Every structure is written in C-alpha cells, then in structure tokens.
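On the provided structure of chain A, position chain B as indicated by the hints.
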Amino acid sequence: MLHYILRRIGWMLVMIVGISVVSFFIIQLPPGDFLDAHIAHLQNQGDSVSLEVIENLRRQYGLDKPLHIQYLKMVNGMLHGDFGWSFSYERPATELIGERLLLTIVLTLTSVLFTWILAIPIGIYSAVRQHSISDYAFTFVGFIGLAVPEFLLALVLMYFAYSQLGISVGGLFSPEFMVAPWSLARVWDLMKHIWIPAIILGMGGTAALIRVIRANLLDELQKPYVTTARAKGMREWRLILKYPVRITMNPFLSTIGYVLPLLVSGSVIVSVVLSLPTVGPLLLRALVSQDMYLAGTIVLLLGVMTVIGTLISDILLLICDPRIRTGGTES
Amino acid sequence: MSQKSSTILTKEAGVDRKDIATQWQLMWWRFKRHKMALISLFIVIGFYFIAFIAEFLSTGTPHETNPHFSYCPPQTIHWFDNGSFRPYVENLTGKRDPETYMRVFTLEPDNKVPIHFFAHGDPYKFLGLFEMDRHLFSIQDVELRTDIYWLGSDELGRDLWSRLIYGTRISLSIGLIGVTLSLILGITLGGISGYFGGFIDSIIQRSIEFVRSIPTIPLWMGLAAALPKDWSIIKIYFAITLIISLFGWTSLARVVRGKFLALREEDYVMAARLSGCGTMRIIFRHMLPSFTSHIIAATTLAIPAMIISETALSFLGLGLRAPAISWGVLLQRAQNIQTVALYPWLMLPAGAVIVAVLAFNFLGDGLRDAADPYARGK
Chain A
170 MLHYILRRIG WMLVMIVGIS VVSFFIIQLP PGDFLDAHIA HLQNQGDSVS LEVIENLRRQ
230 YGLDKPLHIQ YLKMVNGMLH GDFGWSFSYE RPATELIGER LLLTIVLTLT SVLFTWILAI
290 PIGIYSAVRQ HSISDYAFTF VGFIGLAVPE FLLALVLMYF AYSQLGISVG GLFSPEFMVA
350 PWSLARVWDL MKHIWIPAII LGMGGTAALI RVIRANLLDE LQKPYVTTAR AKGMREWRLI
410 LKYPVRITMN PFLSTIGYVL PLLVSGSVIV SVVLSLPTVG PLLLRALVSQ DMYLAGTIVL
470 LLGVMTVIGT LISDILLLIC DPRIRTGGTE S
Chain B
6 MSQKSSTILT KEAGVDRKDI ATQWQLMWWR FKRHKMALIS LFIVIGFYFI AFIAEFLSTG
66 TPHETNPHFS YCPPQTIHWF DNGSFRPYVE NLTGKRDPET YMRVFTLEPD NKVPIHFFAH
126 GDPYKFLGLF EMDRHLFSIQ DVELRTDIYW LGSDELGRDL WSRLIYGTRI SLSIGLIGVT
186 LSLILGITLG GISGYFGGFI DSIIQRSIEF VRSIPTIPLW MGLAAALPKD WSIIKIYFAI
246 TLIISLFGWT SLARVVRGKF LALREEDYVM AARLSGCGTM RIIFRHMLPS FTSHIIAATT
306 LAIPAMIISE TALSFLGLGL RAPAISWGVL LQRAQNIQTV ALYPWLMLPA GAVIVAVLAF
366 NFLGDGLRDA ADPYARGK
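Residue numbers (this note's numbering), protein chains in the order written: chain A, 170 to 500; chain B, 6 to 383.
One or more of the hints may lead you astray.
Stated by the list, open to error - Restricting the straight-line Cα-Cα distance to at most 25 Å, the calculated cross-link-like pairs of lysine to any residue (SDA-like) are:
#, chain 1, residue 1, chain 2, residue 2
1, B, 40, A, 387
2, B, 234, A, 310
3, B, 234, A, 197
4, B, 37, A, 197
5, A, 361, B, 340
6, B, 37, A, 236
7, A, 392, B, 374
To be verified - Quick list of the computed label-pair ranges, beta carbon to beta carbon:
#, chain 1, residue 1, chain 2, residue 2, range
8, B, 88, A, 298, 48 to 54 Å
9, B, 84, A, 454, 45 to 51 Å
10, A, 194, B, 112, 53 to 59 Å
11, B, 84, A, 194, 55 to 61 Å
12, A, 395, B, 272, 37 to 43 Å
13, A, 309, B, 110, 37 to 43 Å
14, B, 66, A, 251, 51 to 57 Å
15, B, 122, A, 282, 53 to 59 Å
16, A, 299, B, 347, 42 to 48 Å
17, A, 350, B, 340, 27 to 33 Å
18, A, 387, B, 214, 27 to 33 Å
What the hints assert, rightly or not - Counterexamples of contact, computed for chain B against chain A with all Cβ distances above 10 Å:
#, residue
19, 84
20, 141
21, 160
Just so you know, these hints were derived from the structure itself, not from any lab. In this text the structure is predicted, and so the values were computed from the model without any measurement. Every residue, glycine too, gets a C-beta built ideally from N, C-alpha and C.
Looking at chain A on its own, in the form it has when it is part of the complex (with noise of 0.2 Å):
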C-alpha cells in the first residue's frame, strides 16, 4: 500500500510538472506581451513612451529572453517563494492571490456542505420511496439542476432577487465590509451574503449526487442481506441506516477528492456573474490583460489542487475497497 501511495504522489509530481509546462504556454499564446498592451494603453492616454524606458522593462522581467528561459526564471522563483509581480494591479501575485484565496475555500466549503446536507437525505429517500410522488419531483428537479449552467441559474436567481425582492445579489459582502480589517461584523456579514451563491454552486453536485446515491441504494436494496434483516424483525429505517446506506456512502467518500477542484474551478464563471472577490473573476481578468504571473500562478495553483484531490480520492478508495488494493500493486 505505502508502495501504490508513494508511486501515485511520484506520478503526480510528473503531473504538476507538466502542468506548469502547459499553463505557462498558454499564458504565453498571445500574440505580443503584457508591456505591449501597456505601451498602448499608455499611448492611447497621450503619454508618449521613450524606447529606452520600454527596454528598460523589458529586461527587467526577462521578456526578451527566450521562451523556455522565461520559463525556467518563473519556475525558478516560485520554488523560492516568489510567484512574481502582478504587472496591471502593480502588486505581488501571491498577495493579490492570498486575499482572495481563503474566500474562495470558505465558499467551496459552504456550497460542499450545503451539497451533502441536501443530498444525502433525499438521495435515500427517493431510492426508499422509489415511484412516489416526491421520487419523481425530486428526479425532475434534479435533471433540471444538472442540465442548467450554473451561471445561467445565477442570472435566473439574481433577476428573482431584484425584481420580486428588491434586494441586490452579488458580491460577498456589504459595501461598508468590503475593504475593513477582519472582524466578527465582517464574518456575520459574509454568512448573510455567502448562502446564495453556495446554494447555486452546489445545485448542480446536489442533482448529481441524489442520483448516484439513489441509483446505489437501490441497487443495494435488493440484495438478501436486507430481505434476511427484515425478516429478523428489524425496524425498516434503522435497517436501511445501519445497512445499506452505509456501502452506498463508500463509493462516495471516495469522490470527497474530486469534489474541490471541480468546484474551483466551476465557480469561476459563477463569481464572474455574481462579481464575487474570489479567484475566478481575477484569473479572467489576468487572462485578457496577459498579466502572464497572476495567470500563471492560478492556472498552476488550480492544477495543484485538482491532482492532490484525485490523489486523495484515490487513497480513501484504496482504504475503502480492497479489490483495488491488490490489483493496483500487483500489476
């Protein structure tokens, strides 16, 4: 078992690796650099820019060396911790990255939590009362919930908001919290803010997840163990807790890993529509102005967080089913 783990964490080194290779071309694909859109921008304002100082630039951030010595200089600071500079907030990336950062785990965390408290309960319930009426309300929706872009019921949601409500969606926080220190306020003021966009990143893995469990139930219901408890006497809600929902959990606590990034990385688009202070809306807005460190670092840092989380997926399998165990090292 050490063996699998330690050849899967040498794989994933590989992985990260070629991530950064990947990431780093196609921040580069553009035509031109970031000092050329500045140029523009500065000329378009009337300022005239002398060659020299353009040079000057340019040297600085190793702009006119070759291709894979630039990226060997980015990979170079980053193993020491330097992630380089933001060129268009004039600011270092990690500190522009950080802020935003911790918000985005406390909405993934959110939207995670949120996901199981609703799923679990109904994904049972639909599979126990499979052909009842709330069974097909609760299929209909969910195939709703998962065929609807999350941007989409963002929209949706953020025209509810206003026009029947009167109140405005979007953002984490109240304007008067938005830039003060961290304080028990400003927390209290992000959990009333937090909810919404939580409820519409989780809609789509709550659809998924009622069917996986329900389908997995279901499957697990007809086996003999639960027809010989039963017949033992046991109080049908117990015996379904005790029994089967306890093997339907397994292959989903082996998804736990997955769950992070692919919600990561899906709620880029969903803080671009609900402008929320979160990492999306900046790797986007790093992309069009081809402020090639801020993308590099959180195309790189998303990747990270996808292969530790298949990673982790993989050893919670491992531990869980043991078939997988002996195929897996003896191959």
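Chain B in isolation, oriented as in the chain A frame:
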C-alpha cells in the same frame, strides 16, 4: 405443464414478433417506452429544423439596427380583429423621457399593423441554394419602417427573435461539430489503446489522465483568450469548437477502450484475425459496429456539455464575438443586473439553452437505455 402448452399456443398463433425483430427494431421499441426521450427527440429535431431554415423564420436580417426601437419590449400579437382571424400588432412609438433619458414606448391601439404570412422581405439564399425573399411572417409597411418585435429588441434595436433563430444555428452546430471532432479522436485513440493494450495502452491512458487532471475551465479560458482579436468569425468559430472538443474526447476514449478490451477476446475477432484481416479492418468492420449504439448514446450525452461550454465562453466574452451570433453572445447583454431587471426579455436565450440542454440529456438517457435492448427490465 400449462407453461408448455402456452408456448405451443403462441407458436401456433404465429411467431412472437420479439423473436424475429432486428436489433435496431428492438432498440426503437425500447426507446419508444421512454416518453421523455421520445418528446425530446422531437424537440431536438425541431431545434435543428429551425437552425436549418433560419432565414425563412426570421423577420429580417439579424444585424439590422434601428435606433428608434432600442430596448423595445416584446409586442403582443393580436390574432383576431373584430372576431375574424387577422393577426396584427399595435403600432409602437418610442420617445425619450426627458428626465430619465430612457426610451418609453406607447401603444397606439387604433393604429393596427397587419402581419403578413409568407411575405416578401429581405432576399436570402434558402439552404444556401435558392434565391428567395419570402419570410414566414413580417410587417410590410415600408412607410412605418417598424419591424415586428414580438420578442423585443436589444440596445441597438435589433430584433431578438431573428437573432435567437440565427443564434440557434451557431450554438447547435458547434455542439455537433465539436462532438464529431471528439468522436474521431476518442474512437481512434480509444480503439488503438484498447486493441493493442500493453505499452501503447499505458501511454495513451497516462495522457488521458493528464488531460483530465488539468482544470478545464481555466484552461479553456486561457486558450480562448489566446485567440487573436483580428481573426475572422469563421476562424474563431472553428478554433472555439476545437478548444471545446479538446477535452471532450477523453471520456469517449475511455468508453471505447473499455469496449475494445472486452471484445478483443471474443471468438469472432479471433476468427477475423485468422482469416487474415488487417488490424484496421478488424477494428472498423468487425468490432466497431457491435457497439455503435453505445457510441451514439455517449455522443448525444456529450453534446449538451459542448453547448453549455460555448455559451459559457461566449458569455464571458472569450468565445464567439459580435457580429457572430450565438446564444452565449446574446446572453452577454444580460450580464449585469440592471439590464436584467429593466429588460428581462434579454434573458430569453437562456430559456433556449435550458430547453436544448434538457432535451439532449433526456434523449441521450433514452438512447443509453435503448442501446442495450437485451438488458434486464420490463
């Protein structure tokens, strides 16, 4: 005893039609039982039909601007005039409110503008072949120069109905072309991986794992942002399709690989090999047809994801750009809450996306059930 006599009875009465039906017939019977899938099939066909004859269904060209009718709310169509069937709309006049600078529209109930069916209008090429100028319906009052805005108009006074119809063409064809590209990649790589196994298999599997481990949406955004701003619409269109399908093929490749791994050991494949068939012939002539139905189902389920991806990218301003029209481009207008609250009809394209995606999902679900007509179930 009684069981035996009943089988004899059916035999005498004629053969059970289930026993002589072809596989495709069995699939069709099974598919028909899934009512939602059947309805969705018609919806999907309807959507593509609309996309096909977009010019005929639209009331004018989708790019025609009319500054006097910016943000015109949807017009009600009155079907009956004094008890007889004579559809008309009430004439609209727009004025700017001197205080708010918003355009205010007033209806003139006495000024009825009749709607003409199969009326002459802007010339176009029907199916790209025949010169035509007939439109399903339009207003023919050249003097008034009003278009019929039964779904409203955008800030430039462009007719939302015509734009929605044209957007259907782009959004749905991106799904179709994208899925074809991923299908080609998926079948080829999945087939090679599953058929040969061993070293080649692990290389392809590792690269699939790698592609899957890259966070999709940021990468899409990166790639889409990298498209040069001066590219033509057609070029951007194909580039976006390519970007979207770049990630879609991995799941198809996995399905195909799994099937190949299972089928590789079958007797008929061995027989084909012994008869001296080439590898490509075995893959495409003998193995592939045996799971065509599964591939069709998987493909149908992959289309809605592509439609959503295109919509999301264009919505963010990274995908197709105006003057191209797609559902995502149309929804860009509905991005901020003020617009949504003041001009809610601009959200209509979202309805089209939701209906199309739901229909494809139900259809794919039904096809997946039908793909294996021998599986258990009533």
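**Study point:** Hints breached by this structure
**Key:** 2, 4 and 6
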